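Trainee: Protein chains in written order, with this note's numbering: chain A, 8 to 316; chain B, 17 to 368.
Source of the hints: derived by calculation from the structure; they are not laboratory data. Values in this document were obtained by computation on a predicted structure and should not be read as measured data. Fair warning: there could be bad hints in the mix.
Claimed, not checked - Residues from chain A that keep clear of chain B, each with C-beta distances beyond 10 Å, as calculated:
no., residue
1, 138
2, 261
3, 270
As the list claims (entries may be wrong) - Calculated lysine-lysine pairs in the DSSO-like style (CA-CA distance at most 27 Å, straight line):
no., chain 1, residue 1, chain 2, residue 2
4, A, 162, B, 258
5, A, 162, B, 269
6, B, 353, B, 255
7, B, 368, A, 97
8, B, 258, B, 152
9, B, 172, B, 325
Stated by the list, open to error - To spell it out: a stretch of chain B is covered by chain A in this simulated footprint if at least three of its residues, at any positions, have a beta carbon under 8 Å from a beta carbon of chain A; those stretches are:
no., segment
10, 175-185
11, 223-229
12, 234-245
13, 359-367
A virtual CB, placed ideally from N, CA and C, is assigned to each residue, including glycine.
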Amino acid sequence: MFKKNLGKWLISWPPTVYLLIFFAVPALIMVGASLRFPGDYGGLLPLSHVDEATGRTIIDVTRDNWRDFFTLENYTRLGSDAVYLQLFVKSFGYAALTTLICLVMAYPLAWLIARSDQKIRDLLVLLVILPFWSNFLVRVYAWMIILGPNSAFTKAINLLLGLVGIAPQTFMFSPFAVIVCLVYVHLPFMVLPLYANLEKHDLSLLDAAQDLGANAWQRFWRVTWPLSLPGVYAGAALVFIPALGIFAVPDLLGGTDGIMIGNLIKQQFLESRDWPFGSVLSIVLTVSAIGLAGLAALIGRASTRGGDE
Amino acid sequence: MKKLLLSLAMLSGTSAMAADELHLYNWNNYIAPETVKQFESECKCKLVQDYYGSMEEMLAKLAAGAKGYDLLVPTGFALEPLLKQGKLAGLDKARLPNLKNISRQYLDTAFDKGNQYSVPYAFTTTIIGYNDARLKEAGVSVDGWATVFDPKVLQKIKGKVTVLDDPREVFVAALKYLGYPANSTDEAQWKAAQQVILQAKPYWAAFNSQSYIKELTVGNIWVAHGYSNDFFQANQDTKAAKRPFSIVPAIPKEGASLSLDSMVVLKNAPRPDLAYKFVNFMLEGKNSAVLTNMTGSGNPNSDALKYVKPELTKMSTVFPSAAQSSKLEMLKDQDAKTRRLMNRMWTEIKVK
Chain A
8 MFKKNLGKWL ISWPPTVYLL IFFAVPALIM VGASLRFPGD YGGLLPLSHV DEATGRTIID
68 VTRDNWRDFF TLENYTRLGS DAVYLQLFVK SFGYAALTTL ICLVMAYPLA WLIARSDQKI
128 RDLLVLLVIL PFWSNFLVRV YAWMIILGPN SAFTKAINLL LGLVGIAPQT FMFSPFAVIV
188 CLVYVHLPFM VLPLYANLEK HDLSLLDAAQ DLGANAWQRF WRVTWPLSLP GVYAGAALVF
248 IPALGIFAVP DLLGGTDGIM IGNLIKQQFL ESRDWPFGSV LSIVLTVSAI GLAGLAALIG
308 RASTRGGDE
Chain B
17 MKKLLLSLAM LSGTSAMAAD ELHLYNWNNY IAPETVKQFE SECKCKLVQD YYGSMEEMLA
77 KLAAGAKGYD LLVPTGFALE PLLKQGKLAG LDKARLPNLK NISRQYLDTA FDKGNQYSVP
137 YAFTTTIIGY NDARLKEAGV SVDGWATVFD PKVLQKIKGK VTVLDDPREV FVAALKYLGY
197 PANSTDEAQW KAAQQVILQA KPYWAAFNSQ SYIKELTVGN IWVAHGYSND FFQANQDTKA
257 AKRPFSIVPA IPKEGASLSL DSMVVLKNAP RPDLAYKFVN FMLEGKNSAV LTNMTGSGNP
317 NSDALKYVKP ELTKMSTVFP SAAQSSKLEM LKDQDAKTRR LMNRMWTEIK VK
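Take these sequences, add in the hints, and give me the full structure.
Mentor: Structure follows, in structure tokens:
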């Protein structure tokens, strides 16, 4: 028994230790930081100082003055102003919209790839992954050029909009630009799990459905779609969670009101030098993302169980 | 035995070589390559450079115990933490005869009274840069911060303006627009500045510190709040691309913030002698002028005037007039209370 487990342990300890060190420990540090005060030059207000004369470290916190070093104020600040809640809601909205658009666009594509000839299938998958070969920021900068007011794309669109009399529109520095780029950046993360799922479907099920009189829509909605749900959930999680925390895209393409929660967190750590409040925001974001993923898993489990019955 | 002698000789050779090196820790792109060559041939030593992108980065690296640097070129407000931490060596001015070249207005600053530790290198101003052709078409003339903050002006150029993504610089611009001091600690004045920013924000395209040079150069953005050196760069790029407009830097009439970068010698510098040579070398007008010709940096050296390219000598960002100088303020490090106030108000601005 022990010997059998030993092999498992030997294989699984590196990722376990890795996760423990690089996820759990920083998360705990963040919780600690969220209860403290910001330091003068960034960082946190120190709890100790080095005595110059003796070179010894002296702890400044005592039983009487600990309130000067530890506080819940960073959490109450979050609830004190509705703007923070609004920003969370807005970021969840952006991420949800991105996920939805990605799903609608990726599903037919993944289906097409899964049903295409074996020979070109690998090539198509390669083409989906191809953008990853260039740097993320380079691709965002490309969108800045495409959506800029002097680009051929913008001019062409405005020519069309001019016919309906609503030109000229600007696309750069707008929520539209942010969503377009978020969809672009995350699309492959939706295509790949969907493809992996759709590829494994047993096509004889569709033939059986057809024999039993199901039309094309019924075959999709009652056979393919329920079977593809695990792929949909995986893709949705892979898109939604990174999109929720992203800051580079809104930074570069968003306008003055285009920021998301990720920008606010980044701002606390870099420009504002307020690590404690940044930690609070990060914790709330992490907890809500985990909560949402748990909720999705629950719904997923419930629906597959429903399908079994 | 021969081998041993040889290796000993080589050892002493390398250590002698290492000893004739000056280690400069400087901003990115803040010294001309020909200046480096010139200095190396004059001092018969090697100039080894390392670079930082922000004061925070430099302070963090030194705080973490980085050693071996002789010279730094920090911006004014960073002198305070450096001095507090006891990192800087007092300067022996008898060894810096060229210090006489520096204009008096850049000496004896609040950061270092009497220049006991620091000597001016170059400066930038945080000002307005604009596209002359487009603004003429729009009927907007730039003379003050109203171009960036007054809704009446902004409605003519809506969506064509960016401001820096930097709370301190944006607030200082708004404070100056209102006629308040840049280093104000009065909460009411900061609140008023916040109102000005909130009223102007709907007309701005973005908070942008990263790509406004490019946006100006291609003509997407017509007015930017940014650094004088960047506008110089944008105009050079515009010229190179032969675009039908220029990017013009303008110091607003209400004044602006000035960042003075100074040379300081570290207390634990391995080669203070070479450091002195370098400081004195850079204080020579013609060497200081090379930097200005390359980057459009503000020049505190009165002896540099005759070496600076003629088209640059007229630029107020390089040599501000006396009237302009009197309204340029250097930013001090903020006290904790004002900084927290500013950060909160900035977050509100960003979220609203």
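Trainee: Hint by hint, note whether the structure agrees.
Mentor: Hints, verified against the model:
no.: 1; hint: 138; result: holds (21 Å)
no.: 2; hint: 261; result: violated (7 Å)
no.: 3; hint: 270; result: violated (7 Å)
no.: 4; hint: A:162 x B:258; result: holds (21 Å)
no.: 5; hint: A:162 x B:269; result: violated (37 Å)
no.: 6; hint: B:353 x B:255; result: violated (45 Å)
no.: 7; hint: B:368 x A:97; result: holds (12 Å)
no.: 8; hint: B:258 x B:152; result: holds (19 Å)
no.: 9; hint: B:172 x B:325; result: violated (36 Å)
no.: 10; hint: 175-185; result: holds (count 4)
no.: 11; hint: 223-229; result: holds (count 3)
no.: 12; hint: 234-245; result: holds (count 3)
no.: 13; hint: 359-367; result: holds (count 6)
Hint compliance for this structure: hints 2, 3, 5, 6, 9 are broken, all remaining hints hold.
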